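Trainee: Same order as they appear, the protein sequences are chains A and B.
Mapped onto our numbering, the consecutive letters of the first sequence carry residue numbers 14 to 284.
Mapped onto our numbering, the consecutive letters of the second sequence carry residue numbers -19 to 212.
Just so you know, the hints here were simulated from the structure itself, not pulled from any lab data.
Take these hints with a grain of salt, some might be off.
35 Å max Cα-Cα, derived DSBU-like pairs, lysine-lysine [what the hints assert, rightly or not]:
| hint | chain 1 | residue 1 | chain 2 | residue 2 |
| --- | --- | --- | --- | --- |
| 1 | A | Lys203 | A | Lys92 |
| 2 | A | Lys17 | A | Lys124 |
| 3 | A | Lys213 | B | Lys106 |
| 4 | A | Lys17 | A | Lys92 |
| 5 | A | Lys176 | B | Lys31 |
Some chain A residues near chain B, calculated using beta-carbon distances under 10 Å [claimed, not checked]:
| hint | residue |
| --- | --- |
| 6 | Val119 |
| 7 | Leu123 |
| 8 | Ile138 |
| 9 | Arg168 |
| 10 | Ser175 |
Everything numeric in this text was worked out from a predicted model, so none of it was measured.
Using N, Cα and C, we set each Cβ at its ideal position, and we do this for glycine too.
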Amino acid sequence: MAGKVIVLTSGKGGVGKTTSAAAIAAGLALRGHRTVVIDFDVGLRNLDLIMGCERRVVFDFINVINGDARLNQALIKDKRNDNLYIFPTSQTRDKEALKREGVERVLEELKDSFDYIVCDSPAGIEHGALTAMYFADSAIIVTNPEVSSVRDSDRIIGLLASKSRRAEFNLEPVTVHLLLARYSPERVRKGEMLTVEDVKEILSIPLLGVIPESESVLRASNTGTPVAFDEESSAGRAYHDAVARFLGEQRELRFLQPERRSFFRTLFGRA
Amino acid sequence: MAGNLVQGAVFTVMVVRAGMLRDPDFDSQLAEQVRRSPRFFLNAPVVLDLKDAAELTHESEFADAREILRRHTLSLIGVQNASQVQLQAAAGAGLASFAPNAPQPSRSPPREPTRTASPRPTAAAKTRLVTQPVRSGTQIYARGADLVVTAAVSPGAEIIADGNIHVYGALRGRALAGAGGDVDARIFCSRLEAELVSIAGRYLVSEQLPPEQQGFSVQIALVDERLTVTRN
């Protein structure tokens, strides 16, 4: 069965697309699926940093598109899991280098050897983001629980419905999923952030998961370890739940309640 | 046989009163409307209504009118309510003659041109139905028809109809009914949270809508040139 293309997109920048792409790809690999994660953010690449393979990049996505290198020369195998591969992009070129026919050819080749092809989209709605979403079978819309992120996500959902290959050829539409990232139960309680229900109501797409704001994410980026490999982190566990739901399993939403405060902490806080 | 040479068709065209073209207020309002919805107005056809403009009789004046509208990216294609003299001058300027139109373009019967042997049946303008949420950045235009949306309209989305607009969901974007000039068009919604509402070119932005109606099921109509919002 040919591989499925999943795009992580958002419109808004800085919401957690790359972190999520890395974590979800790692999660799928840990479940036994052959997975490759591709960086579409030409010129501003970070996927290689987040995956911890920045010192092993020889050839990249643009080299392969242009025919300067073969796919297996550019793909980097993850050291932690045999099922996981990284396909970095160029830092010296820009998004104009993403030629649609070249991207199509590369994705077709990847579908032969991978179960899942996770595409980390750049922010925005220009050529880079549109190319990343064009060939998607599924899309995970990474959204933060605040108004401008929700507005941008709404725009992106509209574009997926009209500018994807599936839309243009009148095929089964791209399946869209909402991933609410950087969720802080404390800030929601205080009314500083939108609730899960608010976001679901505005965007009207099925919820894949809620990833809590967590220090472990910063640690993960700095050490080049996708947070899904961190068994103790709440964010890591939430990503595993999201991957399970993506694969069709039912999971209860966790990490939505504020941390229970220690009895003594409240006393000290008043000093 | 000229039987099938000429087909009957019904078009919806904006009508602008000649007197309004001289009014600087109208000019700035029109510029503002065009600025907000450029794609809708680009090259849109316009008919000049000459009622109460008996003094407009020179070919050069029609050319001027065309130029004024061209600056707003509109395309003047004809005149209505013209006298014989005006028709001749307009024709000299390349403008067609339109029969006087009642301001309900979506409901007028199809006019059959005298040359066809067998008149073609013209379908009634079918209401356009949208069942998916109208996402931010999307523009929908129901030409010559009503528009019904059975989902929410997001902020940053624009829904436009020459007829009425019904939103069975939250209206959070912009809704422009009676876009062709139908002052009797109305907007109905289950939940008013609109950024802007307009009927036949008159509009109110969110801040100008009555605060007590925000969030409710309302209908918006044009009464004596003013937009009114009433509970359903």
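Trainee: Which hints, by number, does the structure contradict?
Mentor: 1, 5, 6 and 7
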